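Asks: Protein sequences, first through last, are from chains A and B.
Numbering that gives the first Met the number 0 puts the first residue of the first sequence at 0, with every later residue one more than the last.
Numbering that gives the first Met the number 0 puts the first residue of the second sequence at 0, with every later residue one more than the last.
Simulated from the structure, these hints should not be mistaken for lab results.
Just so you know, not all the hints are guaranteed correct.
[What the hints assert, rightly or not] Among the chain A residues that face chain B by a calculated CB cut under 8 Å, a handful are:
{"#": "1", "residue": "Gly134"}
{"#": "2", "residue": "Ala137"}
{"#": "3", "residue": "Trp159"}
{"#": "4", "residue": "Pro160"}
{"#": "5", "residue": "Thr167"}
{"#": "6", "residue": "Gly226"}
{"#": "7", "residue": "Glu227"}
{"#": "8", "residue": "Phe231"}
{"#": "9", "residue": "Lys327"}
{"#": "10", "residue": "Gly347"}
{"#": "11", "residue": "Ser445"}
{"#": "12", "residue": "Asp451"}
{"#": "13", "residue": "Val459"}
{"#": "14", "residue": "Leu476"}
{"#": "15", "residue": "Gly477"}
On a predicted model such as this, the values are computed, not experimentally measured, just so you know.
Glycine included, every Cβ here is placed at the ideal spot set by N, Cα and C.
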Amino acid sequence: MRKLLCPMIAAALTACAAQAVKPDTQEHAAAAAQESSADQATGPAAAPPRDNDFYPSTYRVAPTAPTLIEHATVLTGTGARLEDADVLIVEGKIQSVGSHLQRPPQTHVIDGHGRWVTPGLIDIHSHLGVYPSPGVRANADGNEATSPTTANVWAEHSVWPQDPGFRTALAGGITTLEILPGSANLFGGRSVILKNVPSVTYQGMKFPGAPQGLKMACGENPKRVYGERKQFPSTRMGNVAGYRAQWAEAREYLRDQQEYARKHAAGDKDAKPPKRDLRLDTLAAALKGEILVQMHCYRADEMATVLDMAHEFGYHVAAFHHAVEAYKIADLLAEQGVCAAMWADWWGFKMEAYDGIPENIAFVDAAPNGCAIVHSDSEEGIQRLNQEAGKAIAYGRRAGLDIPPERAIRWLTANPAKAIGVLQRTGTLEPGKMADVVVWSRNPFSVYALADFVLIDGVVRYDRAQPATAPASDFLLGQPAAAGLYP
Amino acid sequence: MTELTRRMTHRAQLALLSLTITCGALGSVGLLAAPAAHAAPPTAILIRDATIHTQTAAGVLEHADLLIVDGKVAGLGHGLHGPADAHIIEARGRVVTPGLFGGLSHLGIEEIGLEPTVDDYSLQLGSMRPEFDVTPAFDPESIVLGVGRLGGITFAVVEPSSQAGGGNAPGGSIISGQGCVAQLDGTIVPKVRALFVDLGGEANALSGGSRAGQFMLLQQALTEVRSPRALLNGDQRLLTPAGRQALQGFVSGAGPIVFDVDRASDIRQVLTLASRDKLHIVVKGGAEAWRVAAELAAAHVPVILDPLDDLPASFDSVGATLENAARLQRAGVTIAFSLDDPQPHNIRKVRQTAGVAVAHGLPWEAALAALTRNPAEIFGVADREGSIARGRPADLVLWDGDPLDVTTLADQVFIGGRAQPMQSRQTLLRDEYLKKLHTNTAR
Chain A
0 MRKLLCPMIA AALTACAAQA VKPDTQEHAA AAAQESSADQ ATGPAAAPPR DNDFYPSTYR
60 VAPTAPTLIE HATVLTGTGA RLEDADVLIV EGKIQSVGSH LQRPPQTHVI DGHGRWVTPG
120 LIDIHSHLGV YPSPGVRANA DGNEATSPTT ANVWAEHSVW PQDPGFRTAL AGGITTLEIL
180 PGSANLFGGR SVILKNVPSV TYQGMKFPGA PQGLKMACGE NPKRVYGERK QFPSTRMGNV
240 AGYRAQWAEA REYLRDQQEY ARKHAAGDKD AKPPKRDLRL DTLAAALKGE ILVQMHCYRA
300 DEMATVLDMA HEFGYHVAAF HHAVEAYKIA DLLAEQGVCA AMWADWWGFK MEAYDGIPEN
360 IAFVDAAPNG CAIVHSDSEE GIQRLNQEAG KAIAYGRRAG LDIPPERAIR WLTANPAKAI
420 GVLQRTGTLE PGKMADVVVW SRNPFSVYAL ADFVLIDGVV RYDRAQPATA PASDFLLGQP
480 AAAGLYP
Chain B
0 MTELTRRMTH RAQLALLSLT ITCGALGSVG LLAAPAAHAA PPTAILIRDA TIHTQTAAGV
60 LEHADLLIVD GKVAGLGHGL HGPADAHIIE ARGRVVTPGL FGGLSHLGIE EIGLEPTVDD
120 YSLQLGSMRP EFDVTPAFDP ESIVLGVGRL GGITFAVVEP SSQAGGGNAP GGSIISGQGC
180 VAQLDGTIVP KVRALFVDLG GEANALSGGS RAGQFMLLQQ ALTEVRSPRA LLNGDQRLLT
240 PAGRQALQGF VSGAGPIVFD VDRASDIRQV LTLASRDKLH IVVKGGAEAW RVAAELAAAH
300 VPVILDPLDD LPASFDSVGA TLENAARLQR AGVTIAFSLD DPQPHNIRKV RQTAGVAVAH
360 GLPWEAALAA LTRNPAEIFG VADREGSIAR GRPADLVLWD GDPLDVTTLA DQVFIGGRAQ
420 PMQSRQTLLR DEYLKKLHTN TAR
């Protein structure tokens, strides 16, 4: 296999050398998307509202007294570790991080002695709500597996906010999560970024101003789903042809839109906008960088192919998801500013996962400018992203890569925040950012660590000492079997 | 087996050497140096100054020594001396436990998921065939074994499944067949078998669409075995002659019958069935077992559970909780751990599930017991697995930290007294690409 692999990757390298790519392209794109969104919210809208604005977030930060976490070990998410440090939260935002901070009047104080404080954890790959518990047929809403291209569907329109998995994820320190469509299709549809707050509607959870994502999938899943029906695609080359045909069409659509906008601006009364197409709306937004491409891909060679394709059509891949062979091309990913979202040790459940190794995360992290992310893709794994990182640290250490906690925490906080386009808002404990914070009972990379407090925008949403008061799902209400779950 | 082990040992030595040259990573963790390729493995190994969790009445021995001679534990205590040629390992306080239990899985019978040519765990003939035994399909050279072994797993149950392909393929049976106990050096424990039965909503497709049909079918099968004279010539039968003989063996207590069942009311039905027919049973899954803990304890029925099951994955497990293990243990139920997912690739994760159970109220030693002594007793292999005692085969693990923590890895695994090469296909991939990472030549 390696004999085949090397020439393919060498070809990718040539393409990279020909087109210089700034590693921070995606962060710029995300920032631009946020700014444009903020403009629309506050100032006179120069551009017509985007379709995402018609399904707006209704999440509002509840007013709370200031909170001071004192005398804790703080991992800021920026790479720093502070001992005996305080974190002050005012009006839902991080006010300051440091030693011996002044406490404003009526401050709620959390004793941090022996505890560790981190940014709220972010899972970049979740299907909570779209494949909720219980896993009944009636609620299996994650794959619109009726066509290999369903870029027109939005995961948020499938999210069931009563999925009990949101609450168990909260107990694991998850404050923000990306809900993606499944991987049956080449283009699965749009993802949504949620804050992990209880709500009757998904709009009440929607992260204000966060860009949507576009879920795409490589490899076995699309070709299996459609190949078994004797439909296109049934091969990996079919997969790539399928993507390229769509991107080519999206470029034309975008060109027609821009042409119309130019004519319209010039006062051409006869100019007609191109016929609206919901599928192409998504793809065009991805080409413009307003929607961030999240690509399910296992094999190194396929990831390299996708990177070439991204150059061909002029878009950026925010992250490869699963990426079990990312360790084989860690430097290529780092060079192109593409993150890899990975499991710690999951492998072998299908052929394209056969070469998975538990050092994957550590190797991606070790490449200069590497962007490693720990993801779950699982209602169980999302409860323990910190432990997944702990495993990756251990395997890294054995391979001679010493990864301190202050570095590893970025895999669960700053790096996913960057890849979903919200790093300017959350993902680190820096002044002015959303106060999404976890107070752990001890070093969070231990199996014994528990989240004692989880704060979202400064509001304590989970308190381990009072689990019964944490938001439960309506589904569990009145179920005799669930009585006594939380003593 | 000996020749294979020897060859692997040689390869391990080469790998160790190359890795030490590239990054010096493994030199520091005190691995047992592999013996020279031409030499026989040392007949004696002395581990000095270890914290030994025996899982026997001897409890935990601090600063203790452990002597292995001819594959067996020959000495356990303080100030031990081995033969002059004994290989000495300085543990420096590190923890030694019995080799861990990898749970119930398709180990050795599912090399890769979703590939029917390497998946041998399910019989899709559409009839009830308790004589179906997955053991002949077991591949001792499956690379999955090496990965589990490096995770400190020395024994595991190889189980069939009632359905193939995630339940999409037709034609299974609620009695999925027989499984065995494998040691992670590729050996099958002789004569030890268990029978597996799948119950509950997810098995409805195999019982005519109702879980009541499951109990009806079981009752008929038991009648065919217990009261063959009650059947007339020409009566419809579920079992073949070989099937009757196989089921008769388990009804007579030849091995445990493992019921995969989650819902509290279903567990009660199983307990009733077992009590009436005097069956030797084990509950697997048991998401709601804590709700019937007293009955399980009274019936001396052990529960093999995945401590991570805390969501209502189906309506059968609405009562799932992270405290299942702790509550069962407090009620006096014997527990053992297994991943819920029978895919064998990540059975090393069972160690993490034990740590999570501790974080949610289970005493630490009880969690270790659920990974060692308890499963060995449940499956009838306690004479060789699950504890460290003089005279027993030396299946044990030397750890670089707390064995239940995720940041801990196995330094050395011993099976049958042999230091297992700490190498797998995964470590070979690691070493290959670590070199490239360090030299920046990944492509």
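Asks: All hints, please: hold or fail.
Replies: Tested hints:
1. Gly134: holds, 6 Å
2. Ala137: violated, 11 Å
3. Trp159: violated, 13 Å
4. Pro160: violated, 15 Å
5. Thr167: holds, 6 Å
6. Gly226: Because about 13 Å separates Gly226(A) from the closest Cβ in chain B, which is outside the 8 Å limit, the hint is violated.
7. Glu227: violated, 10 Å
8. Phe231: violated, 20 Å
9. Lys327: holds, 6 Å
10. Gly347: With a minimum Cβ separation of about 3 Å from chain B (threshold 8 Å), the hint on Gly347(A) holds.
11. Ser445: holds, 6 Å
12. Asp451: Where the cut-off is 8 Å and the nearest Cβ of chain B is about 12 Å from Asp451(A), the hint is violated.
13. Val459: violated, 21 Å
14. Leu476: violated, 11 Å
15. Gly477: violated, 11 Å
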